[in-house]
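Novice: Taken in order, these protein sequences are the chains called A and B. Following the numbering used here, the numbering of the first sequence begins with 1 at its first residue and continues without gaps. Following the numbering used here, the numbering of the second sequence begins with 116 at its first residue and continues without gaps.
The set of hints was computed from the structure by calculation and includes no laboratory data. Every residue, glycine too, gets a C-beta built ideally from N, C-alpha and C. Hints may contain errors.
Stated by the list, open to error - Capping the alpha-carbon separation at 27 Å, the derived lysine-lysine pairs in DSSO-like fashion look like this:
1) K44(A) to K171(B)
2) K15(A) to K71(A)
3) K167(B) to K44(A)
4) K183(B) to K71(A)
5) K44(A) to K62(A)
Said to hold, decoys possible - Covered, in the sense of this in silico footprint (three residues per stretch, anywhere, with C-beta under 8 Å from a C-beta of chain B), are these stretches of chain A:
6) 22-28
7) 63-72
8) 77-84
9) 107-115
As a plain string of letters, each chain reads:
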Amino acid sequence: EAGVAQSPRYKIIEKRQSVAFWCNPISGHATLYWYQQILGQGPKLLIQFQNNGVVDDSQLPKDRFSAERLKGVDSTLKIQPAKLEDSAVYLCASSMMANRDSEAFFGQGTRLTVV
Amino acid sequence: GDSVTQMEGPVTLSEEAFLTINCTYTATGYPSLFWYVQYPGEGLQLLLKATKADDKGSNKGFEATYRKETTSFHLEKGSVQVSDSAVYFCALSGAGGTSYGKLTFGQGTILTVHP
């Protein structure tokens, strides 16, 4: 079974530039998550999708971050404009359903460096 | 809000030593509890979970028991191997909010096992 695919693996941009990350979840998984992991910290949820609808985006900095999941399959997370504090690993995860017992499967992440 | 606190790291052990990584949580309601592991160069993967009080999760020689009275979920292994070197994250889900499936993570504990 193919895992969660993310691209690119690494990205270096200058502050105020824009960047986009792509995620393809495991086939059949209805729930998709984007997490931000700053160095030395645990992942923090940015946004959760159920199919193509947003379930939780309370921690997403909406003035600069946006995400979409068209057709309820793959997803794109965008940052525009980037700030130095956005340097982090961006993790995509998926699960079959959104309940308290579901196992989330994670991609390898995209490491973003903003200079 | 919900939170997870892990013991300060990093942890360095010799092969065959006993491992304990402490994890305590604060949450409303009755969350599910998880340990995720991140091996070098790989994505986060589920190690074990427990979904109700007094449940014991186990996998690959690791164990953790859901202790509601002490709000803890400590990870243990009787004899660690070099291949256990990784970053370990304690997490909770479904603590009474609407975002079922959303994971709240601790800060992670780096484990290094020497031969």
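Novice: For each hint, tell me whether it holds in the structure or not.
Specialist: Checked hints:
no.	hint	verdict
1	K44(A) to K171(B)	26 Å, holds
2	K15(A) to K71(A)	31 Å, violated
3	K167(B) to K44(A)	24 Å, holds
4	K183(B) to K71(A)	41 Å, violated
5	K44(A) to K62(A)	15 Å, holds
6	22-28	violated (count 0)
7	63-72	violated (count 0)
8	77-84	violated (count 0)
9	107-115	holds (count 3)
When the structure is compared with the earlier hints, violations turn up for hints 2, 4, 6, 7 and 8 and for no others.
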